[in-house]
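Student: Chain residues, written in single-letter form:
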Amino acid sequence: MSGVDLDSTTYVRPLAETDEAVTVLCLHPDEATAAAVVEGLDASNESVTARASSSVPEALDGLGTDAVDCVVCGYSFPDTDGIALLERVRAIDDGLPFVLLTDEGSEQVAAAAVNAGADGYVTYEGSPDEATFTALNDRLETVVDDYRTYQRLDEATDLLFRLTEYTNDALWMFSGDWSETVVINSGYEALWGRSVTDLVDEPSDFLRGVHPDHRESVTEKMTALSDGEPADLEFRVRTDERERTRWVNVHAEPVFDDDGTVAYVAGFSRDISELKRREQRLRELAEATRRLPQARSEREVADVVVDIVDSVIGCPVTAFWSDDADGDALEPTAASESALDVAGVSAVGALAPIEPGHDEMAIYREGEQTLVPDYDALSNPSSPDARLETLVLVPVGDRGLLTVGHSDATTFDEFERTMLEMVEQAAVDALDRVEREDELERHRTELERSNESLQQFAYVASHDLQEPLRMVSSYVSLLDSEYGDDLDDEAAQYMEYAVDGATRMQSMIDALLQYSRVHSRGGDFAAVDAGSVFDETLQSLGLLVEDADASVRRTELPTVSADRSQLGQLFQNLVKNAVHHGGEAPAVTVRAERTDGESSHEADWVRFTVADDGPGIDPSQHDRIFEIFKQNSSRTDSTGIGLAMCKRIVERHGGEIWVESDPGDGAAFHFTLPAPDTDDQERHA
Amino acid sequence: MTETDAEPVEILLAEDNPGDVTLTKKALEQGNIINNLHVASDGVEAIRFLRQEGEYADEPRPDLVLLDLNMPRKDGREVLEEIKEDEDLRRIPVVVMTSSEAEEDIVKSYDRHANAYLTKPIDYDGFLDIVRSIEEFWLTVVKMPPE
Numbered sequence: 001m002s003g004v005d006l007d008s009t010t011y012v013r014p015l016a017e018t019d020e021a022v023t024v025l026c027l028h029p030d031e032a033t034a035a036a037v038v039e040g041l042d043a044s045n046e047s048v049t050a051r052a053s054s055s056v057p058e059a060l061d062g063l064g065t066d067a068v069d070c071v072v073c074g075y076s077f078p079d080t081d082g083i084a085l086l087e088r089v090r091a092i093d094d095g096l097p098f099v100l101l102t103d104e105g106s107e108q109v110a111a112a113a114v115n116a117g118a119d120g121y122v123t124y125e126g127s128p129d130e131a132t133f134t135a136l137n138d139r140l141e142t143v144v145d146d147y148r149t150y151q152r153l154d155e156a157t158d159l160l161f162r163l164t165e166y167t168n169d170a171l172w173m174f175s176g177d178w179s180e181t182v183v184i185n186s187g188y189e190a191l192w193g194r195s196v197t198d199l200v201d202e203p204s205d206f207l208r209g210v211h212p213d214h215r216e217s218v219t220e221k222m223t224a225l226s227d228g229e230p231a232d233l234e235f236r237v238r239t240d241e242r243e244r245t246r247w248v249n250v251h252a253e254p255v256f257d258d259d260g261t262v263a264y265v266a267g268f269s270r271d272i273s274e275l276k277r278r279e280q281r282l283r284e285l286a287e288a289t290r291r292l293p294q295a296r297s298e299r300e301v302a303d304v305v306v307d308i309v310d311s312v313i314g315c316p317v318t319a320f321w322s323d324d325a326d327g328d329a330l331e332p333t334a335a336s337e338s339a340l341d342v343a344g345v346s347a348v349g350a351l352a353p354i355e356p357g358h359d360e361m362a363i364y365r366e367g368e369q370t371l372v373p374d375y376d377a378l379s380n381p382s383s384p385d386a387r388l389e390t391l392v393l394v395p396v397g398d399r400g401l402l403t404v405g406h407s408d409a410t411t412f413d414e415f416e417r418t419m420l421e422m423v424e425q426a427a428v429d430a431l432d433r434v435e436r437e438d439e440l441e442r443h444r445t446e447l448e449r450s451n452e453s454l455q456q457f458a459y460v461a462s463h464d465l466q467e468p469l470r471m472v473s474s475y476v477s478l479l480d481s482e483y484g485d486d487l488d489d490e491a492a493q494y495m496e497y498a499v500d501g502a503t504r505m506q507s508m509i510d511a512l513l514q515y516s517r518v519h520s521r522g523g524d525f526a527a528v529d530a531g532s533v534f535d536e537t538l539q540s541l542g543l544l545v546e547d548a549d550a551s552v553r554r555t556e557l558p559t560v561s562a563d564r565s566q567l568g569q570l571f572q573n574l575v576k577n578a579v580h581h582g583g584e585a586p587a588v589t590v591r592a593e594r595t596d597g598e599s600s601h602e603a604d605w606v607r608f609t610v611a612d613d614g615p616g617i618d619p620s621q622h623d624r625i626f627e628i629f630k631q632n633s634s635r636t637d638s639t640g641i642g643l644a645m646c647k648r649i650v651e652r653h654g655g656e657i658w659v660e661s662d663p664g665d666g667a668a669f670h671f672t673l674p675a676p677d678t679d680d681q682e683r684h685a
Numbered sequence: 001m002t003e004t005d006a007e008p009v010e011i012l013l014a015e016d017n018p019g020d021v022t023l024t025k026k027a028l029e030q031g032n033i034i035n036n037l038h039v040a041s042d043g044v045e046a047i048r049f050l051r052q053e054g055e056y057a058d059e060p061r062p063d064l065v066l067l068d069l070n071m072p073r074k075d076g077r078e079v080l081e082e083i084k085e086d087e088d089l090r091r092i093p094v095v096v097m098t099s100s101e102a103e104e105d106i107v108k109s110y111d112r113h114a115n116a117y118l119t120k121p122i123d124y125d126g127f128l129d130i131v132r133s134i135e136e137f138w139l140t141v142v143k144m145p146p147e
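In order, the protein sequences belong to chains A and B. Taking my numbering, the leading residue of the first sequence gets 1, the next gets one more, and so forth. Taking my numbering, the leading residue of the second sequence gets 1, the next gets one more, and so forth.
The set of hints was computed from the structure by calculation and includes no laboratory data. Possibly wrong hints are sitting among the right ones.
Derived pair list, reagent style DMTMM-like, types lysine to aspartate or glutamate, alpha-carbon separation capped at 20 Å [what the hints assert, rightly or not]:
(1) B:74 x A:464
(2) A:276 x A:464
(3) B:25 x A:467
With these hints in hand, go ahead and build the complete structure from the sequences.
Tutor: Shown next, in the form of structure tokens:
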């Protein structure tokens, strides 16, 4: 590395490459001596190129332009001497090595030469000989080397100095105790609004510029730096009398000397006001987008989006055009006052839709945020009469187009466009959510209507169907009690069938009623420990389990968000079902596992499984068994409502129920229930 | 109790279903209490009976009303409301007897100050039991204010 070694890894490229050759100008009043020295030097040192001159003016003229590394100069000239010439050479280049070569060696001349700053003094007698050249070469090597090093250092210092001048940061170095300003660049004045002179006079002058609120923390850090701790801090600086402030970020390090004491503190201060402003705007944007989740319709979302772009991003000429999927055009949904003004209309509905063929539509289809620098220059704009200059078109997914414009030639900076991108993201999320909610609402209304019908039916069933049924059974009984003695066994048997039929009809009506009440009588959902609900249920089934010689086992069951009593009913029906259909001495196992929602805003689910080792269920029956009164066995003491109830309960919780079974291989009933909200869990934790 | 031994108890049955009328009659016949069962086959008649209007001018004031909810012309809910709003009639115990198990019917009946709400059991024996317990409770156990 041929850069200057500043005793660190800092590197400064040399201004120009210098070769190893040394150019020597030999100035001597005697032409022959000059030529002899040139010849002698050339011959004795191959890296030296010497040039002779016996004319003072010619030699001095050449110094300004020619690259000369050293002047070898005689003493006695017709009208001047070597000492005077040394001064004239130094006036041209104050570092250029100068060696006096004389045959008039005297103590006085030598002393005068050294005092005048000559770099060497070589004498000869008669004419220069080998010994002279050896002595000259010795001197040359040393002085040229020194000269070149000095030159490079000079260049490097110059470059570093310029570097400090060209940065907007304030670069500084103070003595370890802050009593002396060591280095300060002009960036300080621009940043602080205070003068370098004042800081040099009094190093603590910069503190006067620090906002009073931050002075204490700044002084604390100064002390820490003096104690050898590096510092990173942000604070405000008052830049003028009008109390305008800017934010600066300071990074500083202590500089230790060899014995480990803090000799200097050095660092830079950077203007981060713009960064702070952006942070602030991003915070405002984040704050403003929090209004989006409250929006209940596409129109409300569009209104909020337009308002955010206007008030937070500061682009008042803003409108939203929605893509209602079935139409070809983008219809205006929301617009700011200024946007209406610019278009010359009084209501959002009066804005011209964006039709296929319009330039805006093409950009919307492309799906990329696009800057239109000059709206008038578009060949086919949707609103040719609008007083618009610059326009940014922001496609909002496939939901619509956000147009953000200026009526004058204001430009959009990268940051504004990034913020628009963020608004677009938030808008897509909000519009997706609104659609999901609409869908849910539609389903809910539908479900409500169907529940209402069921409700009505249940009422009819519980009242109007009961009465004739009661007539049948009561009068058959009455017949039996009053005329029973006159009837034969066969007639008694018939009557028994009639009563039995009516009784079964009655229990079916009851079951139907129960089925209809899953929704109308359901309790609130709460975090419920499925394990304890299951245990209670199992206890109530004790006799049934015992009679069937069944074993029922469960693993750890988690907490779910459910209607406690319905969860119990669910377990009860499924365990009963498994015990009934599980063959001889059935083994029933119950387990659960948590499944994560597909995305962060989706609920997590718990999947329960109730499995038996019975004969299994034919795949053709897998859906049918969940239908009401569609029992899959000929047992007459059940109403065939158990699994239908399970399905209805699970569906009320938003979950699903299904069966996996192969004939001969047992049956596994799975159902899903929502896990409690994470918020709830955190609170419990 | 000595009084009821001497004088038959007057019961008004408001019921449009002749089947139920017969069953109720049968049940009361088998009971221990001597009673006169009067039948009104719809709500309008029931009210006229209670207010002793027209052809009912000479009918006695009932000690107990057995009221079906679903009847033509004026249903049991209205009858109940009119009885309980009438200062002269409101003390007569009204037992709603119906096939409805619907919760809203039960709640609404008690809201209208029914004295009891019973669902007619599906089987005959159950029906007999119920009528007997009505008799027992309302006509012997409960102490009613003097007329």
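Student: State for each hint whether it applies.
Tutor: Against the structure, the hints:
1. The suggested pairing of residue 74 (chain B) with residue 464 (chain A) holds, with an alpha-carbon distance near 17 Å, which does not exceed 20 Å.
2. Restraint check: the Cα-Cα separation between residue 276 (chain A) and residue 464 (chain A) comes to about 75 Å, which exceeds 20 Å; the hinted pair is violated.
3. Taking the CA atoms of residue 25 (chain B) and residue 467 (chain A), the gap is about 17 Å. The hint holds against a cut of 20 Å.
Hint violations for this structure: number 2 only, all remaining hints satisfied.
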